[in-house]
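Now for the letters of each chain:
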Amino acid sequence: MNDHLKDGQLRAALDGEINPEEQGHIRGCKSCQTRLEAIRAQADRSSRKLAFLSAESEQPVPNAAQALARFQKEKTTQKEYPMFQRLFSHRVMRFGTAAVAILVLVLAVPATRAMAAQLLGLFRVQQVTVIPVDFSGMQTLAGDNTLGKQIGQMLSSAVTVTRKASPPETVADAAQASSQAAFNVRLPQNLTPSQIVVDQGLAFSFKVDRARAQALIDEAGRKDLVLPDSIDGAEVSVNVPAGVSASYGTCPALTNAESSASIGMNGSTGRRYPDCVIMAEIPSPTVTAPVGVDVSQLAQIGLEFTGMSADQAAAFAKTVNWTSSLVIPIPRNAATYENVPVDGVTGTLIQRPVDDAPQYALIWVKNGIIYAIAGLGSDSQKALNMAASLP
Amino acid sequence: MTASKTSPARTSEYTEDQPSFEEAFLKHWASIYRLLVRLVGDPAEAEDLALETFFRLYQRPPQMGDSLNLGGWLWRVATNLGLHSIRSDRRRGQYELSAGKDALDEAFNLRPDEIASAAEEKRLARRALAQMQDRPARLLILRYSGMAYKDIAAELGLSASSIGPLLLRAEREFERRYRILSGGNGE
Chain A
1 MNDHLKDGQL RAALDGEINP EEQGHIRGCK SCQTRLEAIR AQADRSSRKL
51 AFLSAESEQP VPNAAQALAR FQKEKTTQKE YPMFQRLFSH RVMRFGTAAV
101 AILVLVLAVP ATRAMAAQLL GLFRVQQVTV IPVDFSGMQT LAGDNTLGKQ
151 IGQMLSSAVT VTRKASPPET VADAAQASSQ AAFNVRLPQN LTPSQIVVDQ
201 GLAFSFKVDR ARAQALIDEA GRKDLVLPDS IDGAEVSVNV PAGVSASYGT
251 CPALTNAESS ASIGMNGSTG RRYPDCVIMA EIPSPTVTAP VGVDVSQLAQ
301 IGLEFTGMSA DQAAAFAKTV NWTSSLVIPI PRNAATYENV PVDGVTGTLI
351 QRPVDDAPQY ALIWVKNGII YAIAGLGSDS QKALNMAASL P
Chain B
392 MTASKTSPAR TSEYTEDQPS FEEAFLKHWA SIYRLLVRLV GDPAEAEDLA
442 LETFFRLYQR PPQMGDSLNL GGWLWRVATN LGLHSIRSDR RRGQYELSAG
492 KDALDEAFNL RPDEIASAAE EKRLARRALA QMQDRPARLL ILRYSGMAYK
542 DIAAELGLSA SSIGPLLLRA EREFERRYRI LSGGNGE
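The listed protein sequences derive, respectively, from chains A and B. Numbering of the first sequence is given in my numbering, commencing with residue 1 and proceeding in unit increments. Numbering of the second sequence is given in my numbering, commencing with residue 392 and proceeding in unit increments.
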């Protein structure tokens, strides 16, 4: 080699990262040696200043097994929070959108999950069923924005809106709410709501695109789960009737979608409304589709998608009446639920003891109306007391 | 109906002949923690960042192929997290103040001015790194943490022969920023 080495090569030479030919050139070239020393001086200056990056730390390394245990504990709450957030804040308990809340409670979870089964056959809610779910395998569905956007089109490329949703309206009292919503609205007695809104609901229909739904499952990494051909082309109609929401305590405006999106679901925001309780009620949405599709089969696929084994999914699917159950998935290790007597029926109390913003939700169905009372904090007795005071 | 016979707990790239997540965690935890505690200085913050590093692995494991260097991948993620952390000064300032005080209290064999000088040098060095562009900053961190050229090249998507010139440029940039931060006194 006759050409001198470039500065970058000389720098690499300091670290022994040049070939023998280049090393030989340096040994015989005064010019390269002079430049090498200047580059060495600079490298030494940087090396002294950056020595802390390789120095032995005086701090002991935390025990790996203990760190792993901490990781296992924290990953559960961290990963599942977004899904729980969606359940409790985006739709179900979202201010001023009770009707849409119930709709998305039914439909927001992709068709590949247990909820999918409810789309087939005549669906009308008669009871609530809670399914603890391991969301850890579904992070792409929870956190991936691209996939999340696809969820709205998960079943079909063509959705026909037969009744448009309109902005929620504030009303003065339960009587006015009943008149506008066309069902008997019941609100806790001896409590004055901060606001009552009526959401007129919506209706739409679509044709199931099996390939599209299967692509979603595949993208989530579960190519082993195959949707049956029989759902392809099924015509589904969804009718979400008018619903009512009432807020108690200090709450953001029920008609303000942006502020409602953050209620309780961000620690600091939740602390701004610690005494806010929302009551929502809506007659059961109805879903109709062609008969002949095996609802239990689809439900089993959905349950396997949530992480159950095939045997567990098969056993569980048999215990649920999929055409009359409002199925609520909750994060397995981050929320608890129990059946409680409420309003003369059996309801479900779900609690999520997150440190900075614990939440609870009491859900029950009576005479075809779905009721939900949700709030922040750990005092779920508040919800039970409110339910007990309903006329 | 076609349904799976087995149901993996998560959609993982891990297969039977690859280390499980837990094995990878236990194997690499110490080196990732050490990298981060040296980089950010605060042991508690380093632990949080180390856990976050493994959370990224858990959440979106890299494609497991023959060429994957899992350790290198983890180092790259940890470096990014650490760099991001040292760019947010608030927590750092508090830690470095108390660390400086502790150093003064504990180091009996050094003159106070030497102790303060060493702590100040680290602070300035971290600030200089924080001000640099991502790639040269990462390059310096990985190199001065002990990573070989070929591994750095693999992690940064560069050719091994480009590391020398890029490292030289990064060091010059680092020295320039350090000089400005130290008021022209640091050499």
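Calculated from the structure, these hints are not laboratory results. Treat the numbers as computed from the prediction; the structure is a model and nothing was measured. Hints may be right or wrong, so weigh each one.
Claimed, not checked - So the derived list for chain B, only partly shown, Cβ under 8 angstroms to chain A, looks like this: (1) Arg514; (2) Tyr540; (3) Glu562.
Just so it is clear, CB atoms sit at the ideal spot from N, CA and C, and this is done for glycine as well.
Checked hints:
no., hint, verdict
1, Arg514, "violated (10 angstroms)"
2, Tyr540, "holds (5 angstroms)"
3, Glu562, "holds (4 angstroms)"
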